[in-house]
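Visitor: In case you want the letters, here they are:
There are 4 protein chains.
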Amino acid sequence: MGANFKSDNAAGVSPPILAALAAAGAGDGVAYGEDAWTKRLEGRMAALFEREVAVFPVTTGTAANALALAAIAPPYGAIYVHAHSHANTDECGAPEFYTGGAKLVAVAGAHGKLDPTELKRHLAVAPRGVHWNPRAAVSISQASEAGTIWRADDVAAIAEIARAHGLRLHMDGARFANAVAATGASPAALTWRAGVDVLSFGATKNGAFAAEAVVMFDPALAEAIGYRRKRGGHLLSKSRLIAAQLEAYLADDLWLRQARHANAQAARLAKGLAARPGAARVHPVEANMLFLALPDRAVSGLTEDGFLFYRWPDEAGRSVIRLVTSFETEPAMVDGFLASLDRHL
Amino acid sequence: MGANFKSDNAAGVSPPILAALAAAGAGDGVAYGEDAWTKRLEGRMAALFEREVAVFPVTTGTAANALALAAIAPPYGAIYVHAHSHANTDECGAPEFYTGGAKLVAVAGAHGKLDPTELKRHLAVAPRGVHWNPRAAVSISQASEAGTIWRADDVAAIAEIARAHGLRLHMDGARFANAVAATGASPAALTWRAGVDVLSFGATKNGAFAAEAVVMFDPALAEAIGYRRKRGGHLLSKSRLIAAQLEAYLADDLWLRQARHANAQAARLAKGLAARPGAARVHPVEANMLFLALPDRAVSGLTEDGFLFYRWPDEAGRSVIRLVTSFETEPAMVDGFLASLDRHL
Amino acid sequence: MGANFKSDNAAGVSPPILAALAAAGAGDGVAYGEDAWTKRLEGRMAALFEREVAVFPVTTGTAANALALAAIAPPYGAIYVHAHSHANTDECGAPEFYTGGAKLVAVAGAHGKLDPTELKRHLAVAPRGVHWNPRAAVSISQASEAGTIWRADDVAAIAEIARAHGLRLHMDGARFANAVAATGASPAALTWRAGVDVLSFGATKNGAFAAEAVVMFDPALAEAIGYRRKRGGHLLSKSRLIAAQLEAYLADDLWLRQARHANAQAARLAKGLAARPGAARVHPVEANMLFLALPDRAVSGLTEDGFLFYRWPDEAGRSVIRLVTSFETEPAMVDGFLASLDRHL
Amino acid sequence: MGANFKSDNAAGVSPPILAALAAAGAGDGVAYGEDAWTKRLEGRMAALFEREVAVFPVTTGTAANALALAAIAPPYGAIYVHAHSHANTDECGAPEFYTGGAKLVAVAGAHGKLDPTELKRHLAVAPRGVHWNPRAAVSISQASEAGTIWRADDVAAIAEIARAHGLRLHMDGARFANAVAATGASPAALTWRAGVDVLSFGATKNGAFAAEAVVMFDPALAEAIGYRRKRGGHLLSKSRLIAAQLEAYLADDLWLRQARHANAQAARLAKGLAARPGAARVHPVEANMLFLALPDRAVSGLTEDGFLFYRWPDEAGRSVIRLVTSFETEPAMVDGFLASLDRHL
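Protein chains in written order, with the numbering used here: chain S, 204 to 548; chain U, 204 to 548; chain C, 204 to 548; chain B, 204 to 548.
These are calculated hints, taken from the structure and not from any lab test.
Check the hints yourself; a few may be wrong.
It does not matter which identical chain is used: a pair holds within one copy or between any two.
As the list claims (entries may be wrong) - In the SDA-like style, the derived pairs of lysine to any residue whose C-alpha atoms are separated by at most 20 Å in a straight line are:
1. 242 with 229
2. 474 with 463
3. 209 with 332
4. 242 with 535
5. 323 with 511
6. 474 with 313
7. 242 with 426
8. 209 with 470
Note that the structure is a prediction, hence the values are computed from the model and not measured.
Taking the hints into account, I'd like the entire structure generated from these sequences.
Guide: Here it is in structure tokens:
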């Protein structure tokens, strides 16, 4: 009994991706991204996004985010992010490191989403000459740290404000697949058509081993990333390690099938919880994450029954846990969780 | 016909390492280095080096070098390196980036090895107060960019100078396995026993997919690396990707067997060339690299016959090519090269 | 009529300081801080603070703050500051630049003073391993941006929390003289005896032309500042420019006499305002700054009468103005302001 | 007897500049560069350079150089400098700090001047993709560290190479006045007309207290400097401190009169030495510096007679001293030096 709901990044690696790794590793390849896998990737990404793109594969989302932000914000710039965003709270200052010291400005917003009205309020304050960091960029997370989704209209609302103030827009797409699966919108619709300049395209949380990519929709911004990636130590000599994963990830809609599965398990959980009034959902369940306020005895009981999850800070002081489903989560795990909950609520 | 002598990092991945990757990816694991593979690694490295060590796995040698140097040099420090070292010429300023702007001082030395007398000459100049970067570290490459090896005594000679001036000593061990195989010395003898403070332990050039590690022999210096690695985007959520490779690499002496094989093929090449006076070896052949001055027609002929290699800058203006052997190089490839050379010399 | 209450840094330079500049400039001097003026300064500061100190004169408070913070926080560290502190809002990211990307964490607090309870709340959250910036330092402003003063007990309360969590304590003393004058406490009592590790000692806002100093109470922390100052471009060849100002500033208690005068004019203003119910003081008047909520017509009227001041953002949406007195403010200016106010209230 | 030939930056401050400081300090002024002095400066510099310029006054040459280089080179760029240039050897890594880690590439050249042929040789090597820092800028020093001068044609020769390779050209004009005085060329002819993009305009070594300025000839490059200067801590609140010095410096050709005087004293020294075969000039004497190879007994004797100068490293192992004349050097000091030399040669 028991199951692991700690994180989608604690899951295993999807078999087709492991197979692709084995195949790519078996033979030799030109080093530093001149191999066939990496060269094919740009074309595949262009097809996926229905336009020319510049693609920079890396092994971590932190690297993708930091490189993307360094491409759109100068060392002295201000970058507007949600207070609880990964870039602001989970990367040990990677954006500050890669940008050379830009200032992350925390913007409020319900359920993990940077609030357009709050962003406007920040930007309505008159610029302060050279005394404060000039505004450079906005970064939003898809899905958000609260598991909520940016629909195309939501993105466009932020993009419009950003454009009106001359700011670039970055999307941290660590769970981009879950968002595409949840909305049914095209990758293009959720990104550049809505005003995104650069995307961190994540795969690791959805079945890859270590595969992310900076996807630039503005070629002029791409120029520097190649140098920054190398200098950051993120250009692999056997670059096909990443490209082969991403190729398998995109082939036959594996990425969407896996994301749909993960989302469906979260929905199954949410549905089960709706019938249990003792377990309060903290945020809407829109992708593959679920935040639950529970009595302490329920938290203890679930833990004793072998369920793994993170406890989460809660401003209202409740006992909140986070459950994350993945491509590996089985319905029986969900049902087992609900059954355990019934015993302890 | 033809064979690829471009680089050991253009080779494939060793089958036991691919198998380890498949096994590690098949199941789930705790994220961010708390998995069983990564936890086992420190013990294995401690056994290998016959002492306690702190180990920070990363995916590239550039990252390992830059993190190691950031641990031993302040932003305003001077780091002494060979003029042609990888850190100085092939990392697009990664050491400067990770240290926050330290100054790499190029020191001369024959055959790719930083010359102790030259180092002493640099250090004999009186420090210039705050006007010039205070001396912080020395970095040497094992094997060097010219394919030569640092024996334990060579390392000790540099370490003694470094210690006398209060400098830390880093070894870029991108081809550490080839050096251990070539010298027969123990990993301990070639590193901390000879005075090395921190080692970039390379595996990618010797059959891994993307696996290196910063190995710290001074625990006090390790403190900051964890934060720097995270902030550099080099802490993988599925860290077992690297640890599993390194575990398979070290198991059953795979690393040494592969390095011995690569070295043996370079020796076979060197032996064959010794009998061909038209082909002049530029540097001693001590590991798995060979630099050859050839008539232009021979370079063209070899290329036409399908042999791949890099042309190398030569201060004397000769046509020099670099040949690198790997764990995959077969004797027949070497013999084919020599036969082709005979036709074109 | 009219008078300038915009800022104490828009004032003139005190005559004894101008005289010292003329004297110091008249003859030659050894360059880069080896001159007699600079050499005397450390002794004078040691006497002032009743202990050995390391002193690094610079020309701006921004430089002093950024150098001080770089001495106590690593590039990946977190620095706790008041949300409205100068370091956080008025230095265009100088702390991030000099530290190499440290994260400033905004802590709330009434009347510009970082609240000990809020600081404790931040520090009560369990550290997050390498995922978030490790805690390094706290910085408080004397006087605060709201014109309030840190008494020795206030400083000690913060210092105790800082020490309990292994954090260093910095004081931005841009208006340190006003605080010493206001409290009557000794410079030692307000700083190191209360737990301050490093002080930005300001003089520019109190009659100097451009003279500040980083004063280090922990010699171990001083080591790096000399290099950082040089590399920041803040080591003047004719360093006596700064040292001569500071020497005149400290001689014959000029600094305290001037600060007492400025404070007295602010008190005179405050007293006058107490009798005028239409003008609400936003913060307690403890040093030489006064924040006043006024009807819009009064703000316009005062402006028309030639009074200069800044308008200040107010969270409650009122029309707030900031008045700053200096060593040059004359009682007649204060009385003129009150008279003008009477006409327009 | 005896005289100080150590450095022009160890000299005093010119009386008209001290007078201007006294006048500017006497009254109040708008802070942060909005004062009348600073506002007038841009116009005066525009007149001087016969074109629109953007001017950023700072207090040190190190700051001017580092800000200028940060404006024309990205963090990953390569900057070509003379091996012995101030930026490379005397600023403790300020260019690396302000650019965020750019790489200074040392180029050889006789008598302190970067050699165009050597520069071409560096640039003739094919770029190495992302593996090495892309070329961004060239920096030359006027006068050079060896006291030699760049005539307009010399500058143009470098500028042409720079332009052909897409590099920007910076001139470190710490002794720009001496070069203008020596050549008789106009400031425009020696800078932008010859291809300079940005100039560090020095005054401190020629009688100012602490006054330099970044002068940008390309307005597009100026945009970022304001922010970088603030964030570097180099925007003085009482900015008129610098502007008033520069105004007096330029008024009535004070700068040229002083530079001509200093140059004339160096020429007087050189002429005297030409008649003394025991004293070998190491570099041509073109501005206000003179390098002299002497018998050790002469060096000792001069020192005993009270003459101050620096000993200088010499690659040929001779005893070399550096003599620098300034606006304060009197003919009698020169003659005294020659007389002392006669006694000890």
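Visitor: Which numbered conditions among the earlier hints are violated in the structure presented, ordered from lowest to highest?
Guide: The structure conflicts with hints 4, 5, 6, although it agrees with all the remaining ones.
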